[in-house]
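Kindly generate the complete structure, drawing on both the sequences and the hints.
Okay, so the sequence shown: first residue is 1 according to the UniProt record's numbering, each after it adds one.
Wrong hints could be hidden among the right ones.
Stated by the list, open to error - Pairwise CB distance ranges, derived in the manner of DEER restraints:
| # | residue 1 | residue 2 | range |
| --- | --- | --- | --- |
| 1 | Gly65 | Ser26 | 37 to 47 Å |
| 2 | Val274 | Ala100 | 15 to 25 Å |
| 3 | Asp130 | Ser26 | 37 to 47 Å |
| 4 | Asp78 | Ala273 | 40 to 50 Å |
| 5 | Arg148 | Ala273 | 11 to 21 Å |
| 6 | Pro57 | Ala265 | 18 to 28 Å |
| 7 | Asn250 | Ala196 | 35 to 45 Å |
Just so you know, the hints here were simulated from the structure itself, not pulled from any lab data.
Just so you know, these numbers come straight off a predicted model, no measurement behind them.
We treat Cβ as the ideally placed atom computed from N, Cα and C, and that holds for glycine.
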Amino acid sequence: MDHYDFARDPCTRMRLRNMSSSMPSSLWLRSFHPAPAAPTRLVCLPHAGGSATYYFPVSKTLSPGVEVLAAQYPGRQDRRSEPCLDSIPELARRLAGELAPWSDKPLTLFGHSMGASVAFEVARLLAETDVPVLGVIASGRCAPSTDRVETVHLRDDEGILRELRELEGTETEFLGDDELVRMVMPAIRGDYTAVANYRCAPGVRIPYPIAVMVGDADSRATVDEAHAWEGHTSGGFDLRVFPGGHFYLNDRPAEVTAAVAGHIARWSAVADAVAP
Numbered sequence: 001m002d003h004y005d006f007a008r009d010p011c012t013r014m015r016l017r018n019m020s021s022s023m024p025s026s027l028w029l030r031s032f033h034p035a036p037a038a039p040t041r042l043v044c045l046p047h048a049g050g051s052a053t054y055y056f057p058v059s060k061t062l063s064p065g066v067e068v069l070a071a072q073y074p075g076r077q078d079r080r081s082e083p084c085l086d087s088i089p090e091l092a093r094r095l096a097g098e099l100a101p102w103s104d105k106p107l108t109l110f111g112h113s114m115g116a117s118v119a120f121e122v123a124r125l126l127a128e129t130d131v132p133v134l135g136v137i138a139s140g141r142c143a144p145s146t147d148r149v150e151t152v153h154l155r156d157d158e159g160i161l162r163e164l165r166e167l168e169g170t171e172t173e174f175l176g177d178d179e180l181v182r183m184v185m186p187a188i189r190g191d192y193t194a195v196a197n198y199r200c201a202p203g204v205r206i207p208y209p210i211a212v213m214v215g216d217a218d219s220r221a222t223v224d225e226a227h228a229w230e231g232h233t234s235g236g237f238d239l240r241v242f243p244g245g246h247f248y249l250n251d252r253p254a255e256v257t258a259a260v261a262g263h264i265a266r267w268s269a270v271a272d273a274v275a276p
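This is the structure in C-alpha cells:
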C-alpha cells in the first residue's frame with residue numbers, strides 16, 4: 001500500500017532535513033517555498049511511512065502561484081523522538097487544528113494512499129469551521145467506506161519490507177540498509193496500523209468536490225474502488241487514471257503536478273464566481 005520515502009542521496013536527505021527544520025513552520029506543517037502572494041494553498045498529506053519532504057518537488061514546482069504546506073506526522077525525521085499516532089482520525093484532528101491559522105486563504109487538500117484518508121477526515125472537520133476549503137484530491141486510495149481487510153501491520157519487519165518491495169515505490173538503497181530500516185520501522189508499522197483500524201460509514205459526505213487519481217495497475221486501489229469516492233461528496237466528483245501502479249506519481253511527476261494545479265485553478269474559479 002505505501003512506502004517509506006526519502007531523497008535519492010545522503011546529501012539531498014541532509015539538505016532537505018535542515019531546510020524543513022529551519023523554515024518558519026510548525027512541527028506539523030512545513031512550507032519549503034513560502035509564497036505570501038499566492039492566492040491559495042495546497043496541503044499535502046503523506047502516505048504511510050512518508051514524510052513532508054516527499055512533497056518538496058511539488059512545492060518547488062507550484063511556487064509561487066500556489067503555496068504548499070506539507071504535513072509532517074510524528075515519529076519520523078526531525079519528529080522521530082515523538083510517538084507515532086496510529087489513528088487516522090487523531091492525525092486528522094491534530095492537523096485540522098494546525099490549519100486554523102492558515103485560514104486567510106482557501107485550501108486544497110491532497111493526500112496519497114493513507115494520506116488520502118487523512119485528507120478526507122481533515123476535510124470533514126474543517127467543514128464544521130470557517131476555514132475555506134476548495135476541494136480534496138485523493139490519490140492511490142480506495143474510498144473511505146471500502147471494506148478491505150488490512151494486515152500488513154501484523155507482519156514481522158521482513159514481512160513489511162516484502163510489502164514495500166512489491167509496491168516498487170521504495171529505493172533499493174533503503175531496503176538494504178538495516179540501520180535505516182530499524183530507525184523508520186516504528187513509523188511504518190504505526191501508519192499501517194492506522195490504515196487497518198480506519199473505518200468510515202458509506203453515507204458520510206463532505207461538501208467539497210473530490211478529485212481522485214489512481215494508477216491503472218494499482219491492486220491496492222483499483223479503478224472500480226476509486227469510483228466509490230463519488231459517494232462521499234456532495235460537491236462534485238472527478239476521476240483520472242494514470243498509467244502505472246501504486247506509486248504512479250513517482251514516474252509521472254510533471255503530469256501529476258499539472259493535474260493537481262488544474263483542479264486548484266478550476267475550483268478557485270468556481271469559488272471566485274460565487275463569492276459575494
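Hint-by-hint comparison with the structure:
no. : hint                        : verdict
1   : Gly65 - Ser26: 37 to 47 Å   : violated (23 Å)
2   : Val274 - Ala100: 15 to 25 Å : holds (23 Å)
3   : Asp130 - Ser26: 37 to 47 Å  : violated (19 Å)
4   : Asp78 - Ala273: 40 to 50 Å  : holds (41 Å)
5   : Arg148 - Ala273: 11 to 21 Å : violated (38 Å)
6   : Pro57 - Ala265: 18 to 28 Å  : holds (19 Å)
7   : Asn250 - Ala196: 35 to 45 Å : violated (24 Å)
The structure fails hints 1, 3, 5, 7 (numbered hints given earlier, in ascending order).
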